[in-house]
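For what it's worth, the working numbering labels the leading residue of the sequence shown as 30, then goes sequentially.
If you are wondering where the hints come from, they were derived from the structure by calculation, not from laboratory data. One or more of the hints may lead you astray.
As the list claims (entries may be wrong) - Quick list of in silico lysine-lysine cross-link-like pairs, DSS-like style, CA-CA up to 25 Å:
no., residue 1, residue 2
1, K137, K119
2, K109, K119
3, K225, K246
As the list claims (entries may be wrong) - Ranges of calculated distance between the beta carbons of each label pair, as one might list FRET restraints:
no., residue 1, residue 2, range
4, H182, P265, 22 to 32 Å
5, E72, A163, 50 to 60 Å
6, K245, K224, 32 to 42 Å
7, R196, D266, 46 to 56 Å
8, S132, L164, 27 to 37 Å
9, L229, Q185, 11 to 21 Å
10, T205, E258, 32 to 42 Å
Small disclaimer: the values here were computed from a predicted structure and weren't measured. Think of the CB as a built atom: it goes at the ideal place given N, C-alpha and C, for glycine as much as any other residue.
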Amino acid sequence: MTCCPTIHCCPRTSNVAHNKQVSAKMSKKDASGAAVILEYLNEKNRPYSAQDIFGNLQKQHGLGKTAVVKAMELLAQEGKIMEKVYGKQKIYFADQSQFADVSDSDLKEMDSQMSQLNSQVHTVTQDCKQLEMALKELNSSMTTQGMTSEIQHLTQECTACKERLERIKSVANHVTPEEKEKVYKERDLYLKEWKKRKRLASDMVDAILEGYPKSKKQFLEEVGLETDEDCKVKIPDM
């Protein structure tokens with residue numbers, strides 16, 4: 030099948046001695062590389078430069094740039110592939126004589142098939158994306174085993190809370206609201222008295238210090254008076 034554009038090949042002077050010399054220099058690895066290149070060109074059936082072939086096959090087959098150039102030149106000399114020179118660049122492609130001619134109707138049919146296949150590829154690609162999203166969501170969700178374990182843990186925690194609540198409800202000596210209110214009122218009374226006495230004591234000390242020749246700290250030490258701060262005590266909030 031002729032798929033690549035018509036390219037007129039430049040004539041090459043037959044040089045049998047040169048071909049034998051090049052063939053002699055070809056190692057088994059180079060010969061294997063040449064076979065790979067020939068198969069690739071026949072399969073793709075489109076023009077390539079040596080750099081294109083090197084870039085396309087190097088990673089998969091480990092071909093070196095020099096080996097690629099040598100192999101393509103030898104294949105062209107042997108007539109297994111065709112060569113076209115554009116200025117300083119050489120283009121190589123499969124020998125078109127090995128492919129059967131294709132009519133215009135056949136080309137149109139193939140174009141139609143390609144269009145259908147491209148449409149199918151697009152549909153399958155979209156389906157794959159949706160499946161990948163669904164898979165990602167499933168992978169991020171808790172597994173059945175994990176959910177079973179979590180339910181078991183929460184059930185045990187709930188049971189423990191219920192048992193604690195029942196124990197609290199079963200206690201006989203509950204504090205009545207009246208008793209609770211009485212305790213809070215007494216607390217407020219004591220806090221007010223505490224603040225009042227602290228303020229009176231502070232006023233008395235300040236009055237004495239007006240005629241006292243020493244510092245407040247020395248005065249407190251002499252009379253043996255300790256403050257809340259010395260005892261690291263703070264009056265609670267009301």
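Taking the hints in turn, this is what the structure says about them:
no., hint, result
1, K137 x K119, "violated (31 Å)"
2, K109 x K119, "holds (16 Å)"
3, K225 x K246, "holds (22 Å)"
4, H182 x P265: 22 to 32 Å, "violated (40 Å)"
5, E72 x A163: 50 to 60 Å, "violated (36 Å)"
6, K245 x K224: 32 to 42 Å, "violated (20 Å)"
7, R196 x D266: 46 to 56 Å, "violated (32 Å)"
8, S132 x L164: 27 to 37 Å, "violated (46 Å)"
9, L229 x Q185: 11 to 21 Å, "violated (58 Å)"
10, T205 x E258: 32 to 42 Å, "holds (38 Å)"
Of the hints listed earlier, those the structure fails to meet are numbers 1, 4, 5, 6, 7, 8, 9, in rising order.
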